[in-house]
Amino acid sequence: MAWGISMYRKKHSFVHSILFRISFWILMPGIVGMLFTAYFVRIQMQYHIERQITEEMQRVRDNGLLYVRQTLLLNDSRVDAAGFAQYREEIARQLKGAGYREVFLCGPDGELLAGEEESFETRRVQEDFMQAQKQAGAFTVHYGSGGQCQVYFSMPVIWKEQPVGIISSTFDYGELYGGQLDTIRRMIGITVAVFTLICLVIWFTVYRILSPIRSLSRAANEISAHLTGGQQGSAILGKLQLEGRKDEIGELYLNDMEMLRVIEEQFRKIQEDRNRILALWSSRQEFYNNVTHELKTPLTTISGFAQLMEKNGPGDEDLFYTGTEHILRESTRLHRMVVQLLELQNRTDMEEVGLLDLAQILKSVCETMGIKAGRYGNTLVTEGINGHFPVLGKEDRIRQVLINIIDNAIKYGEPGKPILIRIAVQGEPGNHGHMETTVQENQDGWVWITVSNQGEGIRQEELETIFEPFYRVDKGRSRELGSSGLGLSIVARIMEEHGGRISADSIPGGTTTFTVCFPAANQYIPAGNS
Amino acid sequence: MKAFPASQLVGYGITVPKARKGKGTEGKGHGRNRDGPMNLGKKAIVICILEGLMVVSVFAGCGNREQDKTIILPSSGYPTADTGILRIEHIQEYVGSGYSYFEEVLSASWGEPGTDILYLLKRDQDQYFYQTIDTGEDTVISSILVEERFMANVRIAPGGRYLSYEVQEGEDMALIVFSPEQETRLTLRMWENPEETFSYVWSGDGGKLFSWQNGDTGDPYGEWQVTRYEMEVDAEGVFQSREIQFQMKGNGRAWRSVLPNEDGSEVYVRDQVSVFGDSGSEGELEENGIPADNDYVAGDGMGEGTNRMSSNVAGSGMENGMVPGENPDNSNWLLLPDTAAMVELTEYSRESVYPVRYTPAGLFVQEENGTLYLIEDIRSQPVKRELAQGNPGSFDPVPYVCVNGDHVFFMEWVDYSTYQISGIRIVDGEAESQPVVLYKESYESMEQLTVLGDQAVMFWGEEYMEDGNYRYKVTVLEY
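Taken in sequence, the protein lines are chains A and B. Taking the numbering used here, I'd label the letters of the first sequence as residues -14 to 515. Taking the numbering used here, I'd label the letters of the second sequence as residues 1004 to 1482.
Just to be clear, a hint being listed does not mean it is correct.
Beyond 12 Å from chain B on every Cβ pair, some chain A residues (computed) [as the list claims (entries may be wrong)]:
| id | residue |
| --- | --- |
| 1 | F5 |
| 2 | E302 |
| 3 | A505 |
Only some residues are given here: those of chain B computed to face chain A with a beta carbon under 8 Å [said to hold, decoys possible]:
| id | residue |
| --- | --- |
| 4 | E1069 |
| 5 | L1076 |
| 6 | T1083 |
| 7 | D1085 |
| 8 | G1396 |
| 9 | Y1442 |
| 10 | K1443 |
| 11 | S1445 |
Just so you know, these hints were derived from the structure itself, not from any lab. By construction, the Cβ of each residue, glycine as well, lies at the ideal position given by its N, Cα and C atoms.
Put together the whole structure using the sequences plus the hints.
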């Protein structure tokens, strides 16, 4: 069944192909034309032969009368039916001597006077003989299937308006007819051969002309199939080759190839945009879900304690203090979360950046965070902090970045282990995370700050999402409650605004390193100004 | 291929052509639905027509059927034996035969019209016999030994009273007339150079012989002579001749025609620079001045070769610049032997015509294309009338004119073995009809046609058999 459908489609496709149509419209009229030409040529040939025979039969008729009269005059006979009958043998002899074959001499009424009776039986019923009986000279041309052409001639002999007799004879025009027929056959044969050759040349030429179009069609089909399946078809275009075609077809082919490439490129962009949109949509949805969830949790706590305190009344002092503490803590957390959300949405006005010494900022932050680190039993070990690393930016925002990543290192670091903070100038950072910036290639001038701590680390799959809003690694690993999961998102946003990058590397159970790179002051190009 | 809505593609810089509105999108014109019911109908019609054409053409083009077709003959448009004005009323034939290695008929002449007397000059081994045959009884009345020397240029005078021929006598050539009745030979003239320009012709009544030859002056081609020999038998029974000679002024070497009338009282003479051949083209002169085909014969209706021109022409003459067409100054005269007068005719001298016969009706001439003309009143105010051009379907028509000039006969060949005699009647200088075919015969050769008076034509032919025998047939058609 499937094979049948496939064959049907192939046939259907071939029937509608240009090659088939051109072949059809050349072959069909050609063959029909040749056959009709053969027919008309034969008709024409017969017409000319009949005209020639008619002229000759006219002479034969005139001569026949002359011969009859000559014979009768020579025998001193009157030219009448009696003389005709009397000297029939002499007349027949004279006629045979003049080239007449199968001579029959008949009386005016058609009775046989001379000639073979057996043969005459078929002659007497022929139209020409019947015409001769009606006093009209006539002949019947018989065209045989093998190129024979016999002429049966009959004429009345009339002298001075009196019927004398009938002469009937046969003439063979087979040589003339057969010769012309052979000529026509040869001519048609040559015509057929030439036509076939022309058809083959045309077919081959058209086939060659259409070859690139067929290739393009196949390529378009395959590309279409690939694109429909979500794949790309660049490899197919690569397979297409067009050599030596500089004509219109070649130009069309090249244009179509270019068009296919453009379409494919456009499709690729569409796919990327679509994926991006879907990702954004998903991220946005997740963001709102997280926001809702994160807002709901403290509100539930606040609401719960508030309802309990209302129920128990002022007499339940323990509940009052416990509830108040929870309500304050959750409201604080809620406040902080709202603030962070606002920060996440707010963009830094990078038009009012200033030249900052990143080492000074880092040093200040380390002094502040060193207290917290000490409280968690960690120490902050700095390196390169006494140098000068000028960058362009807003100090409070940069400070927020540094506090955030050092705070995370403290919270998730193993107690008693030092937290290593290093600042240096290095080359272009690699592509880490999803931050984007633009840096002139092959030029150093990036200020790197790395913060490394020892701890359980972050799994590789989590590294890719830690900069998403509300993403938190296992909360059990945090030594501080109340994290909103927005810190690193804010950091990433700030780094993006400053044209920098942030990345994280972690060895589970080993070292976790967060790296932030700021473009040095002479390399700074804010994001979006590429 | 998955289709994207246009609205989705516009934002990506892709331009989507808008669909045409109106009838173009409804199944007609650009973007029509090709599989619509209307198109299916048209397709079916087209396919049916094509299939029909194919089938018809295959049957028509490849068919090779037997076929019979009867055609009724239309009238030929030419006069025939039953419709022609001129008819043969009686035919006489005499057939003889012999052994061709020893025998030969050299000339034949019929007696008076209406008689059955045939005169023949036959060669039997080295002897020449003049035979008189009664064709009605098929008996040889007499057979007279004429000559034992080699004879050439033999002619029996019309009526059979005289026989003329050339023989060599010693170192000279002689023109001899033999009288069968007297059984006497008469030498008319002798000349030294056997290649001298010389020929002769009998008058229609068979009593006068006209010869023409080079003159005796130092310029053999600038001057020539026409001589009339009138045969007579005096009271004592002596066979003799009276002669009168005309000195002619020539134009160098030329083709000469001497055409006496029936009784020889008037002779038309023409001296022509060039002549056309019987093939219809201008005659080419070979080195000796003889045309490439020197068998050119136009019958004068009197006998064999009476007008054969320059058959004896000889000698080198190219130094005289004798090239056809170079000398347009042909000349023609009318000789009146009875009064020894000679009238130079100015008309029709320049034209390339070939004189056929001079009759009371006028001078009959033939042009290069074979057309026969009658020039009436050639002596004073000539009028040229076109008569005929032979019969359609035949070739090489040679005209013969009767004594009165009112019947013309054409000897024509239908093919290379069949000849025919056709004729026209002339009334008031006009041909009454197209030539009527009067007689047709398949014979190997046709040697001579003679118009006997104004009643009959006589011709004879020969056939040679494979066994060495030959057959000759003399035919007389009375009209």
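Going through the hints against the structure:
1. No beta-carbon of chain B is positioned within 12 Å of the beta-carbon of A:F5; the least distance is around 14 Å.
2. Every Cβ of chain B is farther than 12 Å from the Cβ of A:E302; the closest lies at roughly 66 Å, confirming the non-interface assignment.
3. Remark: the non-interface label on A:A505 is consistent with the geometry, its nearest Cβ contact in chain B lying 38 Å away (cut-off 12 Å).
4. Hint status for B:E1069: holds, given a least beta-carbon distance of 5 Å to chain A, under 8 Å.
5. Residue-level restraint check for B:L1076 holds (minimum Cβ-Cβ distance to chain A is 4 Å; threshold 8 Å).
6. Contact between B:T1083 and chain A, as hinted, is supported at the beta carbon level, the nearest pair being about 4 Å apart and thus within 8 Å.
7. Taking 8 Å as the C-beta cut-off, the interface hint given for B:D1085 holds, the closest approach to chain A being about 6 Å.
8. Interface hint at B:G1396: satisfied, since its Cβ lies 6 Å from the closest Cβ of chain A, which is below the 8 Å cut-off.
9. Given the 8 Å rule on beta carbons, the hint for B:Y1442 holds: about 6 Å separates it from the nearest Cβ of chain A.
10. Taking 8 Å as the C-beta cut-off, the interface hint given for B:K1443 holds, the closest approach to chain A being about 6 Å.
11. Interface restraint check for B:S1445: the shortest CB-CB distance to chain A comes to about 6 Å, inside 8 Å, so the restraint holds.
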